[in-house]
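Engineer: Sequence:
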Amino acid sequence: MWFRKLGLVTIVSIYLLVLAGGIVRSTGSGMGCPDWPKCFGMWVPPTEVSQLPPNYQEIYAEKLHGEVEFNPVKTWIEYVNRLVGAFTGIVVFGVFLASFSYRKRDKSLIYLSFLAVVLIGANAALGKFVVDSFLKPGVVTAHMLLAILVVFVLLYSIARGWSEVTETEKVTNKPLLSKILTLLLILSTTQVLIGTQVREAIDKIIANPIFGYDRSTWIEQLGLSFYIHRSFSLVLLGLHIYLIVQLKKNIQSEGILYKFFRALVLLVVVEIVSGAAMAYFSVPAFIQPVHLTLAIVALGLQFVILLLLNSEKVFQKETA
38 MWFRKLGLVT
48 IVSIYLLVLA
58 GGIVRSTGSG
68 MGCPDWPKCF
78 GMWVPPTEVS
88 QLPPNYQEIY
98 AEKLHGEVEF
108 NPVKTWIEYV
118 NRLVGAFTGI
128 VVFGVFLASF
138 SYRKRDKSLI
148 YLSFLAVVLI
158 GANAALGKFV
168 VDSFLKPGVV
178 TAHMLLAILV
188 VFVLLYSIAR
198 GWSEVTETEK
208 VTNKPLLSKI
218 LTLLLILSTT
228 QVLIGTQVRE
238 AIDKIIANPI
248 FGYDRSTWIE
258 QLGLSFYIHR
268 SFSLVLLGLH
278 IYLIVQLKKN
288 IQSEGILYKF
298 FRALVLLVVV
308 EIVSGAAMAY
318 FSVPAFIQPV
328 HLTLAIVALG
338 LQFVILLLLN
348 SEKVFQKETA
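Numbering follows our numbering, in which position 234 of the sequence shown is assigned residue number 271; successive positions increment by one, without gaps.
Quick caveat, the hints were computed from the structure, so don't treat them as lab data. Please note that the accuracy of each hint is not assured.
[Unchecked claim] DSS-like, lysine-lysine: derived pairs with alpha carbons at most 25 Å apart:
#	residue 1	residue 2
1	LYS111	LYS75
2	LYS207	LYS286
3	LYS211	LYS296
4	LYS111	LYS241
5	LYS207	LYS285
6	LYS285	LYS211
7	LYS350	LYS285
8	LYS350	LYS42
[As the list claims (entries may be wrong)] Estimated spans, in silico, between C-beta atoms of each pair:
#	residue 1	residue 2	range
9	VAL351	ASN287	18 to 26 Å
10	VAL306	GLU257	23 to 31 Å
11	LEU220	VAL306	18 to 26 Å
12	ILE293	LYS75	39 to 47 Å
This structure is a prediction, so every number in the text was calculated from the model and none was measured. All residues carry an ideal CB built from backbone N, CA and C; glycine is no exception.
Using the sequences plus the hints, can you model the full thing?
Structural biologist: Below, the structure is given as structure tokens:
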């Protein structure tokens, strides 16, 4: 019971961490704390410039490429992001400890939970490198992709634990639905990767001293990756609609799978709407992190549906 409950808390905290990271990027707060794990050399960051050494600009000039200007809002946005990350790490470790209750029934959960601890630690280390590299584009993308991998490992672990007490409705033609879901998972991950390229292009535009802070000019300056990302979203919507049509043909009752399918289609629609809002309303800062988080939640939901659809295969238990 504790494993299952902590698992759900962990999944929520992981998605909150993704949201917090999106807020950091959309507000340009990635270097709000120029050092790691401390912030301006403090465990609790300053709230005003008077709390910093008089020569703080010289101290951090090299790390921030000479662009040193204390901004308490950006500093605390980045610091809260780190706190959410620390809380997530603690909860993930708690899941690992709780997994020992399965040592006689399903040792795989112990190994998977330990893998999640290792991955969350690796992503924290990568987060330090993100700061040290001054938000190098490829490193930022790797940081996000590793977070997705953590989500998948945790979702599999938690779904495996919940499979004992969860019944799914009967579905026919599972091979077809599984193939569509697998394709969607691959294409959706690709779409997220393309989205990171769009985000990196925006970062380059922001760095432009002439147009960087005029959001109304951002979309027109984006390259091919933006148009591919925008058009590809309609392909994904069409595939999701086709998927739910096939499900209705092959489902015998409306249970947890059907509810997850409907939630997935709704998520994709909202995701597309949020993307359109960014394109037509000058990339509002508050929509950017929501757009990213919805994409990761949709990926996780696709993965869980695929697991539940094939539960008799993927949740086979090996007892000790």
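Engineer: All the hints need checking, so say for each whether the structure fits it.
Structural biologist: Hints versus structure:
1. For the given pair, LYS111 sits about 15 Å from LYS75 by alpha-carbon distance, which is consistent with the 25 Å threshold.
2. For the hint pairing LYS207 with LYS286, the CA-to-CA distance comes to about 12 Å; that is within 25 Å, so the pair holds.
3. Straight-line distance between C-alpha atoms of LYS211 and LYS296 comes to about 17 Å, which keeps the hinted pair within the 25 Å bound.
4. For the suggested pair LYS111 and LYS241, the alpha carbons sit about 19 Å apart, so the restraint of at most 25 Å is met.
5. Between LYS207 and LYS285 the CA atoms are separated by roughly 12 Å; this keeps the pair inside 25 Å, and the hint holds.
6. Restraint check for LYS285 and LYS211: satisfied, since their Cα atoms lie roughly 12 Å apart, inside the 25 Å limit.
7. Of the pairs offered as hints, the one joining LYS350 and LYS285 holds, with about 23 Å between alpha carbons and a cut-off of 25 Å not exceeded.
8. For a cut-off of 25 Å, the pair hint linking LYS350 to LYS42 stands: about 24 Å separates their Cα positions.
9. The hint said 18 to 26 Å for the Cβ distance between VAL351 and ASN287, and at roughly 19 Å that hint holds.
10. For VAL306 and GLU257, the Cβ-Cβ distance of about 26 Å falls inside the hinted range of 23 to 31 Å, so the restraint holds.
11. Distance hint check for LEU220 and VAL306: the Cβ-Cβ separation is about 19 Å, which falls inside the suggested range of 18 to 26 Å.
12. Between ILE293 and LYS75 the CB atoms are about 45 Å apart, so this pair conforms to the stated range of 39 to 47 Å.
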